[in-house]
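Trainee: Chain by chain, the residues:
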Amino acid sequence: TQLLEQSPQFLSIQEGENLTVYCNSSSVFSSLQWYRQEPGEGPVLLVTVVTGGEVKKLKRLTFQFGDARKDSSLHITAAQPGDTGLYLCAGASNYQLIWGAGTKLIIKP
Amino acid sequence: EAGVAQSPRYKIIEKRQSVAFWCNPISGHATLYWYQQILGQGPKLLIQFQNNGVVDDSQLPKDRFSAERLKGVDSTLKIQPAKLEDSAVYLCASSPSGSRVGNTIYFGEGSWLTVV
Numbered sequence: 089t090q091l092l093e094q095s096p097q098f099l100s101i102q103e104g105e106n107l108t109v110y111c112n113s114s115s116v117f118s119s120l121q122w123y124r125q126e127p128g129e130g131p132v133l134l135v136t137v138v139t140g141g142e143v144k145k146l147k148r149l150t151f152q153f154g155d156a157r158k159d160s161s162l163h164i165t166a167a168q169p170g171d172t173g174l175y176l177c178a179g180a181s182n183y184q185l186i187w188g189a190g191t192k193l194i195i196k197p
Numbered sequence: 053e054a055g056v057a058q059s060p061r062y063k064i065i066e067k068r069q070s071v072a073f074w075c076n077p078i079s080g081h082a083t084l085y086w087y088q089q090i091l092g093q094g095p096k097l098l099i100q101f102q103n104n105g106v107v108d109d110s111q112l113p114k115d116r117f118s119a120e121r122l123k124g125v126d127s128t129l130k131i132q133p134a135k136l137e138d139s140a141v142y143l144c145a146s147s148p149s150g151s152r153v154g155n156t157i158y159f160g161e162g163s164w165l166t167v168v
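These protein sequences, in sequence, are chains A and B.
Remember, the working numbering sits 88 above the position in the first sequence when you count from 1.
Remember, the working numbering sits 52 above the position in the second sequence when you count from 1.
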């Protein structure tokens, strides 16, 4: 069974701090996606990474796909209250999408 | 462009009752998904349709859950009879084609079910 483990499960920090969340697996994925889900809403796609070692930036968010395409990280610089939400990673393999359990992020003003 | 529409948004039922959720995907999207998301967990795929055919229903509890997409457009998910552990958000999602690498999936707002 393919698994994606996200860490930490929960993170609460002050506005302006930096943070990194991780998505790890023993399986190789053809691509990996990061989603943000706000309370009462469905997940919204932030980014898709496809190539091993790929780095993508979305304003203050930096996403990296591991060289072996088994893991990924999301780094947020100078976090803002608007970044609060559940961050989910999902790996594509054999035409299936394997989901992590998510990292619940709270940014305190 | 209209997003994925779901209804009802909220439903409270007693155990052993039945409930049905409706989903209208983004126009032209061939692939439709139903996910179950329990509080504090990631989404779990229940069923995936490609047009009106089932691609994957391996995690659908078929003794109580059923889903259909008769005309390849909108879909319904039914639970009968409901159990307490079915309390969750039921997310419908669609994509232009589900099998492509890096394909974008668009989610609806979800239908929140509480079984008491």
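If you are wondering where the hints come from, they were derived from the structure by calculation, not from laboratory data.
Incorrect hints may appear among the rest.
Derived CB-CB ranges, DEER-like [stated by the list, open to error]:
| # | chain 1 | residue 1 | chain 2 | residue 2 | range |
| --- | --- | --- | --- | --- | --- |
| 1 | A | 170 | B | 91 | 28 to 34 Å |
| 2 | B | 132 | A | 100 | 36 to 42 Å |
| 3 | B | 108 | A | 139 | 25 to 31 Å |
| 4 | B | 108 | A | 147 | 18 to 24 Å |
| 5 | B | 62 | A | 132 | 18 to 24 Å |
Note that the structure is a prediction, hence the values are computed from the model and not measured.
For glycine and all other residues, C-beta sits at the position ideal for the given N, C-alpha and C.
Trainee: Next, verify each hint and record whether it holds.
Mentor: So, going through the hints one by one against the coordinates:
Distance hint check: the CB atoms of residue 170 of chain A and residue 91 of chain B are about 22 Å apart, inconsistent with the given range 28 to 34 Å. A hinted range of 36 to 42 Å for the beta carbons of residue 132 of chain B and residue 100 of chain A is consistent with their spacing of about 40 Å. The hint said 25 to 31 Å for the Cβ distance between residue 108 of chain B and residue 139 of chain A, and at roughly 26 Å that hint holds. Here the CB-CB span from residue 108 of chain B to residue 147 of chain A is close to 35 Å, at odds with the stated 18 to 24 Å.
Separation of residue 62 of chain B from residue 132 of chain A is about 21 Å and conforms to the stated range, judged on CB atoms against 18 to 24 Å.
In the structure shown, a violation is registered for the earlier hints numbered 1 and 4, in ascending order.
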